[in-house]
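Asker: Sequence:
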Amino acid sequence: MPRTPQPTSAVDGYVTTTLLPQLRALGLTSQQRALIAGDVRQRLLSLLGRWDDPVFRETALLLGTEDATFYQPAEVPLEIRALVAVGVRNSMLEDITASRPSVPALRGVRERLRDAQVPAFTGRAVMFFAQHARQHGDWGVPPVTGDGDLFGALAQTYPLAWERLRLLATSPAKEHDLAAPEEGLFSMPPPPRERRNAIAPIVLSGYDPAIDEPLRARLDAIQAGTLEMLFAPTFKWLTRNPAKLLYAIETIIAAGGTFCTLNYLIRRDYCARREMLVRPPHEEDEILPALRVYDGLVPRHRTAIQHAASVEGAAE
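Just so it is clear: in the sequence shown, position 278 is 278 by my numbering, and no numbers are missing.
Read the hints as simulated data drawn from the structure, not as lab findings. Where is the CB? At the ideal position from N, CA and C, for every residue including glycine. Possibly wrong hints are sitting among the right ones.
[Claimed, not checked] Have a look at the derived ranges for each label pair, beta carbon to beta carbon: (1) A105 <-> T303: 23 to 33 Å; (2) A105 <-> H176: 34 to 44 Å; (3) G148 <-> Q31: 15 to 25 Å; (4) D138 <-> S99: 35 to 45 Å; (5) T16 <-> G148: 12 to 22 Å.
Make a model of the complete structure from these sequences and hints.
Answerer: Spelled out as structure tokens, the structure:
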């Protein structure tokens with residue numbers, strides 16, 4: 001009987017022993033399992049291949065810290081929980097939570113992944129990587145180069161957004177005044193993809209890289225000067241796609257607008273974070289109560305939150 005190849009890294013071990021059996025239990029086809037597992041693998045390799053670079057690591061993991069702060073088991077270090085949020089939860093796995101996945105091959109899934117099932121994926125991933133870190137102390141992942149380095153490319157493609165996320169992730173200070181970039185020293189990259197006149201599904205996919213019409217309209221308004229601030233309760237409420245998120249932030253910064261969440265405030269000349277992150281709202285009716293929690297906000301962030309609360313309250 002041929003011997004089963006042994007996993008060569010933490011990533012291969014997780015995909016082989018944990019993720020693929022979970023996907024199989026959902027009733028996904030071999031093609032669907034391979035697509036999701038391949039996407040997760042690429043994300044984890046990009047993150048873990050640069051793990052020894054603390055600035056990169058903390059900046060990339062900030063994209064999932066709002067969720068990961070409340071992941072279980074809570075005793076596992078936050079950076080491992082954030083690794084799971086960014087590398088697993090925000091992956092193509094998100095696509096099968098949607099009524100209409102953005103990946104065509106996933107539209108035939110027997111039933112979409114329910115919210116109640118997601119903690120089984122994140123929890124088991126957290127435990128796997130925590131155990132691997134305790135037992136081995138090394139991920140066994142070499143640096144990734146080229147197109148496979150999904151997260152390494154973000155700093156070069158979206159430098160304004162990345163620099164502000166870097167400050168928020170690596171500095172103990174809660175707020176930063178910045179010199180505004182000079183006009184003409186930066187140029188906007190093309191959007192990840194445009195989605196025009198699409199039929200809106202009941203549950204949208206946060207994995208979808210396409211710039212949907214509502215987001216495009218708000219970004220256009222900020223660029224035109226008719227909208228000053230784009231508010232999203234947390235990063236994931238805008239998108240779970242990292243390139244799409246940084247594209248939106250880059251566009252807002254370049255236009256001189258403001259991007260505000262419950263936990264972060266980002267502008268061309270300023271950025272701030274809440275001292276203790278608040279739990280991301282899950283439903284629409286949880287947003288306004290969360291906007292009325294001011295603990296840990298610096299004054300300028302609080303002012304932006306109060307403005308968002310007045311708009312949100314007027315919309316009810």
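Asker: Kindly confirm whether 12 to 22 Å is satisfied by the beta carbon distance between T16 and G148.
Answerer: Because 19 Å falls inside the window, the suggested range holds.
Asker: Given the range 23 to 33 Å, decide if the beta-carbon distance of A105 to T303 lies inside it.
Answerer: Since the Cβ atoms of A105 and T303 sit about 46 Å apart, the hinted range of 23 to 33 Å is violated.
Asker: Would you say the C-beta atoms of A105 and H176 sit inside 34 to 44 Å of each other?
Answerer: Distance hint for A105, H176 holds at roughly 43 Å.
Asker: Range first: 35 to 45 Å. Now tell me if the beta carbons of D138 and S99 are that far apart.
Answerer: holds, 41 Å
Asker: Looking only at beta-carbon atoms, does the pair G148, Q31 fall within the given range of 15 to 25 Å?
Answerer: Given range 15 to 25 Å: holds, Cβ gap about 21 Å.
Checked against the numbered hints given earlier, this structure breaks only hint 1.
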